[in-house]
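Novice: Between the sequences and the hints, there should be enough to build the whole structure, so can you do that?
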Amino acid sequence: MSERSSRTPRPPRRYPWLRPTAARETGSAARSSPGPRHPGPPRGEPVPASSGGAPAEDERSVVDAAVYRGGRRVGSPTTLAATYRRLREQPGAMAWIGLYRPSEAELLSLAEEFDLHKLAIEDAMEAHQRPKLERYGETLFVVLRAARYLDALEEVDFGELHVFVGPDFVITVRHGAAPDLSAVRTRMESTPELLALGPEAVLYAILDAVVDGYAPVVAGVQNDIDEIETEVFRGDPEVSRRIYELSREMVEFQRATRPLVGMLRGLMAGFDKYGTDEELQRYLRDVADHVTHTSERVDGFRSALTDILAVNATLVTQQQNAEMRALAEAGFEQNEEVKKISAWAAILFAPTLVGTIYGMNFDHMPELHWALGYPFAVLLMAAVCVSLYVIFKRRDWL
0 MSERSSRTPR PPRRYPWLRP TAARETGSAA RSSPGPRHPG PPRGEPVPAS SGGAPAEDER
60 SVVDAAVYRG GRRVGSPTTL AATYRRLREQ PGAMAWIGLY RPSEAELLSL AEEFDLHKLA
120 IEDAMEAHQR PKLERYGETL FVVLRAARYL DALEEVDFGE LHVFVGPDFV ITVRHGAAPD
180 LSAVRTRMES TPELLALGPE AVLYAILDAV VDGYAPVVAG VQNDIDEIET EVFRGDPEVS
240 RRIYELSREM VEFQRATRPL VGMLRGLMAG FDKYGTDEEL QRYLRDVADH VTHTSERVDG
300 FRSALTDILA VNATLVTQQQ NAEMRALAEA GFEQNEEVKK ISAWAAILFA PTLVGTIYGM
360 NFDHMPELHW ALGYPFAVLL MAAVCVSLYV IFKRRDWL
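According to numbering that gives the first Met the number 0, the sequence shown is numbered sequentially starting from 0.
Mixed in with the good hints there might be a few duds.
[Unchecked claim] With a straight-line Cα cutoff of 30 Å, these simulated DSS-like cross-link-like pairs (lysine-lysine) come out:
| id | residue 1 | residue 2 |
| --- | --- | --- |
| 1 | Lys392 | Lys339 |
| 2 | Lys338 | Lys392 |
| 3 | Lys131 | Lys117 |
[Said to hold, decoys possible] Computed Cβ-Cβ distance ranges for the label pairs, DEER-style:
| id | residue 1 | residue 2 | range |
| --- | --- | --- | --- |
| 4 | His292 | Thr77 | 33 to 43 Å |
| 5 | Asp288 | Asp150 | 25 to 35 Å |
| 6 | Ala312 | Lys117 | 41 to 51 Å |
FYI, nobody ran anything at the bench for these hints, they're computed from the structure.
Cβ atoms here follow ideal geometry from the backbone N, Cα and C, with glycine treated the same way.
Specialist: Written out as structure tokens, the structure is:
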């Protein structure tokens with residue numbers, strides 16, 4: 000007999016909002032079998048079980064595991080197997096298991112113990128999922144994209160978080176540095192009356208932490224956009240690259256925030272149907288308001304970056320046109336100088352030519368022994384120079 004079949008029977012469901020719809024109940028019944036469901040490894044075979052009967056696990060991936068009863072921590076096991084045993088020993092208790100990049104064997108162990116659907120396990124193994132909320136029987140599977148702003152690099156770092164929420168357990172699988180779930184656990188343990196509301200309260204706290212983590216990112220991006228606007232009008236040549244990189248980050252930010260709006264609306268739509276606690280309803284509405292506000296800000300950032308990019312392209316084009324105009328004017332001025340130099344060179348060349356001919360050492364040359372030869376040569380040179388000057392002046396070369 001498997002470990003799951005030997006567990007102490009669970010108490011009646013205290014969390015009606017986790018109950019499946021009629022369609023899901025029908026599908027679940029069709030899939031059920033007398034024994035426990037084994038999803039089977041999506042890729043490869045599971046790691047062989049250890050001597051304790053559970054698959055070998057890397058304890059470093061178990062960030063924190065605790066068993067709560069009545070909102071109070073009643074156990075802090077260090078391994079998954081110990082957590083399973085402690086949960087069976089505490090009827091009406093809830094297990095909260097936090098994992099960081101767990102191995103395939105650990106996820107398969109959780110799937111067998113808590114009857115997690117194989118598709119959800121595949122998503123948790125693969126990561127790189129878009130935010131979503133799926134219901135598998137009486138278990139909710141939530142994918143969230145957390146974000147944090149890195150001041151030193153002026154970049155937005157995104158992390159992925161998978162959450163399994165069942166009647167008596169919450170499992171978080173983290174694939175990035177964000178969010179800091181230890182702060183969430185500390186907050187919940189400091190308010191046992193909220194933690195006593197069960198797994199749905201933990202889900203609220205996680206959603207709230209992820210959404211609150213968006214606020215510093217929004218502030219950092221707003222500061223970056225202000226700096227970019229200054230750089231654009233200052234003519235910084237590197238600003239185009241910065242605009243492009245920030246635009247890509249805003250696309251990722253949109254993918255992280257926009258699906259949350261629909262997810263929270265879906266949860267709120269089931270408040271009356273599943274009898275969600277009124278206090279949790281208020282908390283979830285507050286989270287939904289923050290998500291909507293953040294999503295609108297991100298949309299505004301994308302529009303602003305698009306406009307800034309267009310303005311920068313216009314300014315760059317204007318600058319290039321001004322540079323081309325300056326080059327053209329410089330070329331025109333240079334051409335004018337060249338024409339003047341060429342004109343004077345031609346004028347001076349004429350007397351040089353005549354003087355050169357008359358300076359040749361020959362006895363027999365026309366007008367060489369003529370008494371008026373010298374005045375004639377001077378007059379000829381002057382006439383040629385004046386004629387060339389008049390011609391060049393009429394053509395605006397001089």
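Novice: All hints, please: hold or fail.
Specialist: Here is what the structure says about each hint:
1. In summary, the hint linking Lys392 to Lys339 is supported, as the alpha carbons are separated by about 10 Å, within the 30 Å threshold.
2. With a CA separation close to 11 Å, the supplied pair Lys338 and Lys392 stays within the 30 Å bound.
3. Taking the CA atoms of Lys131 and Lys117, the gap is near 16 Å; set against the 30 Å cutoff, the hint holds.
4. Range check, His292 to Thr77: about 40 Å between beta-carbon atoms, so the 33 to 43 Å window is met.
5. A hinted range of 25 to 35 Å holds for the C-beta pair Asp288 and Asp150, which are about 27 Å apart.
6. Checking the proposed 41 to 51 Å range against Ala312 and Lys117 shows it holds: the Cβ atoms sit about 50 Å from each other.
Of the hints listed earlier, there is not a single one the structure fails to meet.
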